[in-house]
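A.B. asks: The lines below spell out each chain.
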Amino acid sequence: MPHQVALTIRAPIKPGQAGALKRLLAQMADPAGGRAIPFERMETTHFARLFVLDEVDGGPDGGPPIPASLVYMSDVDAPVWRHLATLVGVGGARLDDVFAHCEGWPSASASNWARVAWLRARRVRADIVYVNTVGRSVAQVHGERRLRQAIEEFLDGKQAEWRGGDPVQIHAAVRRFVAGRPDLRWALEPARGPGLAFRVRSTLHKVGGPLLVLLAAPLLLALLPVWAVLLRRHERRDVPDKPILPNPERLRELADLEDHVVQNPFTAVGVAKPGRFRFLTMLAVMRAVNYATRHIFNRGSLTRVRTIHFARWVAIDDRRRLIFASSYDGSLESYMDEFIDKVAWGLNAVFSNGVGYPRTRWLVLDGANDERAFKAFLRNRQLPTQVWYSAYDDLSAVNVENNAAIRAGLAGAEAPTRGEAEAWLARL
Amino acid sequence: MAATLELDDIQGLVARGYGGLRAATFVLLRIGDPAAARAWLGALAGEVATGEREERSEAVHVALTHPGLVHLGLPEGSVAGFPDEFTGGMTTDHRRRILGDVGESAPERWHWGGPANPVDAVLLLYAEDHAELERLADRHAGPAALQAAGLAEVQRLATSPLDGTEPFGFRDGISQPLIAELGPTDRPGPPLHTVRAGEFVLGYQNQYGQVAESPTVVAAQDPGRVLPRSGDPERADLGRNGSYLVLRQLAQNVEGFRRFVDQASRVDGQADPDAGARLAAKIVGRWPNGAPLTRAPDHPADDLADANDFGYADGDAAGHGCPLGAHIRRTNPRDALDPESGPEQSLRSSNRHRLLRRGRAYGDPSDPGERGIHFICLNANIARQFEFVQHTWLNNPKFAGLYEETDPLVATRQGDTGRTFTVQARPLRQRVTGLPAFVTVKGGAYFFLPGRRALRFLAELPGAPDQNPSRREP
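As you go down the protein sequences, you meet chains A and B in turn. Residue numbers for the first sequence follow the working numbering, so the first one is 1 and each next one is one higher. Residue numbers for the second sequence follow the working numbering, so the first one is 1 and each next one is one higher.
Incorrect hints may appear among the rest.
Covered by chain A, according to a simulated footprint, are these stretches of chain B (three or more residues, beta-carbon under 8 Å) [as the list claims (entries may be wrong)]: (1) 207-221; (2) 302-314; (3) 330-344; (4) 387-396; (5) 427-433.
FRET-style restraints, in silico, Cβ to Cβ [what the hints assert, rightly or not]: (6) B:G173 x A:A423: 30 to 40 Å; (7) B:G173 x A:R82: 54 to 64 Å; (8) A:P65 x B:Q414: 24 to 34 Å; (9) A:P190 x B:R348: 34 to 44 Å; (10) A:L214 x B:T433: 54 to 64 Å; (11) A:T203 x B:G173: 53 to 63 Å; (12) A:R252 x B:G463: 28 to 38 Å; (13) B:D306 x A:R185: 50 to 60 Å.
Sample of chain B residues at the chain A side, in silico, Cβ under 8 Å [said to hold, decoys possible]: (14) D84; (15) A318; (16) S349; (17) R352; (18) A383; (19) G401; (20) Y403; (21) R456.
Treat the hints as calculated values from the structure; they're not laboratory data. Heads up, the beta-carbon is just placed ideally off N, CA and C, and yes, glycines get one too.
All chains, full assembly: derive it from the sequences and hints.
C.D. replies: Dropping the structure here:
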């Protein structure tokens, strides 16, 4: 099974065309509009989105102005080149319509490879990537959804007969049912993990990171008190935003795009605090968080938050700004509540390097725990995710996980114990 | 403990549900003559029941919608801090989606509160019996009284005499949050149900230890200093001691519910009343007498009829007593909201979404007409409390790890979602399919229930000609 890649492509929009592009994206978001890119035909794409980053004149931090840009993001099964080739092939003229608003998009007569090359040249590396479960492909998610539905329907017909029955025998009967279905028989084999090359690279990264830190430990320990003093000095000087939500028109613009299905996209852009100290702190924190999401939180739970399918942080404009993008289950209100309850410290560590964040102490304390201020901070930085696609918008991340566990419980030739069979049946 | 509550300013509905005042009616109003309506409100400010403890033989309360405040003459631009839920109202496209107000329950079909029949205010009248209520209603909302007040009646919501049972036949209102500040100071209430006043009243600390955002007006608007000043000396605190009141008319298809339960529990076409009663209890999470299935899984034990001191995490985590998707488990998941985080964290999270329920049933069992509940709840943050419960718990097909079911009792249904209900059991769940909607929304609006000083302030507004809806400033 392939691993997953967070692809980000960002391209400057031709002067004066941002408005027209936004209108086009709004039309594309309407499934009945006939202009949507048929992402569903791109079989290795979990999620995708397109949005416009408005131009910033004068620069948010006093730096040079930043032109408006188009951002394409997708969470895809490796390899990326296959995704890009499919995007260009399947997207066709509709993709041209979108990217023609950007500087230098190949002409209609150019080859698809020229388009792929153009996109690749504009790729931006993500600083932090969170994948709910590494190695689970779109095909696996779809297959396991069909498997569960078939088993549930099978059990509906048997539930009266099997009331009070023996769980081991019921498990065996379900197994026989699956074995008898040519379209489901694959489920008796366990899902394979990511490929060897990925695992080798991952292991090297897993070991290499701590090794480097260990080597630098004497230096880091010596610097720690200095850093701590500087941190507190910076934190005391911070100027948090007033906890005021965006105006009603903006709130409604955002709300119009929310809660159509059980999942939602979240996209936000913030400005990094100026100065070398914050720059280095943010860099170090993002490295550490990325290490944690890559090697620790890669099995369905981000410090107990189980509602995020994919998430990423991407620094842009020479790290002057930071984009946060995720696909999650439920409403934004519940998403933010979960953040506050479970990962306030982690969000503080990253976001407190951004201008206007609720005041933190020692990098991880306070901050998001100020509920009103935190929710206003996020809402004020949120962008309308004009085009958003999910390959399985009827499944929560917990559903996907449960489907995988149902399949995993079918594998193996040996009969489960009574306890195992009961636990497996409780998933249905 | 934080500041003591200013009970002489808070409308008493916050502190009590008037169990002793069995008769009630809710009069929905539209303001025709703002000047007359202001005078009416000023007189009413002296009559509304406050939160101070006293024996009452009647109670009057008044609450206003956002258009109502504007019609009264609250000038645009001078107000800030009303949340978008309140200013935008219950019927925006987004709120229809999260509240489930679509199809049969769409606001276009409402008796009141929809686009065709908006309301400005609600007058809530409570008395000991029907005759007393008639007298009270005549005095406050009779034709002469309304005309003098410059008001038009949109709808009068009658209620059945309070007997603690809702139309489906289940005892109702057993579980309510307790306001910490109202209890004895030396003896804190049970942690399961005790929450801070700021969850229901503006101006006090809430479960996050914060004071919720309160609407304010520019201080110049209040030269007589009727309102307290907020932290900012330039602003007067309009919200202090107020609450947001959610009112929804929920029609219940009692016959349809009985029929469905009977059909779904038949064995080989034979009716099985015991199985039917059991299925109904599984849908609700309590037996008709109130006994919770978590504590009384097999039969409606009388000694557990009032039981409310239970959680789900210890002993019923799998839903074998009270199903994971049962109505009372969705409305308050208690200590089982997030098994991975454990019961204490779950309870802490659940208690950030509590509602003070003040609804009353309507309709007569002996009469074929519409029956249901005039659902009322009070909260300080509509988005985090009422809307969250409605969307993230009741209407959420993914609640508690489930797939495609919504609240089996009260959720509206759309397409295929919500048509199944799973009764967890060992070794095998029983899945009930083909659920119709048993509840239809017939009306609704978000109101602000001001403190007494705020009512006086509103009564003294100069009455600007400006009739545009006020917007808060960023």
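A.B. asks: Quick check on A318 (chain B) please, does its C-beta sit within 8 Å of some C-beta on chain A?
C.D. replies: 6 Å, holds
A.B. asks: Check, residue by residue, whether the segment 330-344 of chain B contains three or more positions whose beta-carbon lies closer than 8 Å to a beta-carbon of chain A, and give the verdict.
C.D. replies: holds (count 3)
A.B. asks: State, for the Cβ atoms of R252 (chain A) and G463 (chain B), whether the hinted interval 28 to 38 Å holds or is violated.
C.D. replies: 30 Å, holds
A.B. asks: Checking hints one by one. Is S349 (chain B) an interface residue toward chain A, by the C-beta closer than 8 Å rule?
C.D. replies: Nearest chain A Cβ about 6 Å off; hint holds.
A.B. asks: The hint names A383 (chain B) as touching chain A; please verify it with the least Cβ-Cβ distance against 8 Å.
C.D. replies: Status holds, d = 6 Å.
A.B. asks: Are three or more residues of the segment 387-396 of chain B within 8 Å, CB to CB, of chain A?
C.D. replies: holds (count 5)
A.B. asks: Range hint 54 to 64 Å: satisfied by the CB atoms of G173 (chain B) and R82 (chain A)?
C.D. replies: Cβ of G173 (chain B) to Cβ of R82 (chain A): about 59 Å, so the range 54 to 64 Å holds.
A.B. asks: With a cut-off of 8 Å on the beta carbons, see whether G401 (chain B) makes it to chain A.
C.D. replies: Status holds, d = 5 Å.
A.B. asks: Honestly, do P190 (chain A) and R348 (chain B) meet the 34 to 44 Å range at C-beta?
C.D. replies: 38 Å, holds
A.B. asks: Between the beta carbons of D306 (chain B) and R185 (chain A), is the distance compatible with 50 to 60 Å?
C.D. replies: 54 Å, holds
A.B. asks: Within 30 to 40 Å: is that where the Cβ-Cβ distance between G173 (chain B) and A423 (chain A) falls?
C.D. replies: About 38 Å separates the Cβ atoms of G173 (chain B) and A423 (chain A), which means 30 to 40 Å holds.
A.B. asks: According to a criterion of three or more residues whose C-beta lies within less than 8 Å of a C-beta of chain A, is the segment 427-433 of chain B covered?
C.D. replies: holds (count 6)
Consistency note: the structure conflicts with the earlier hints numbered 2, 8, 21.
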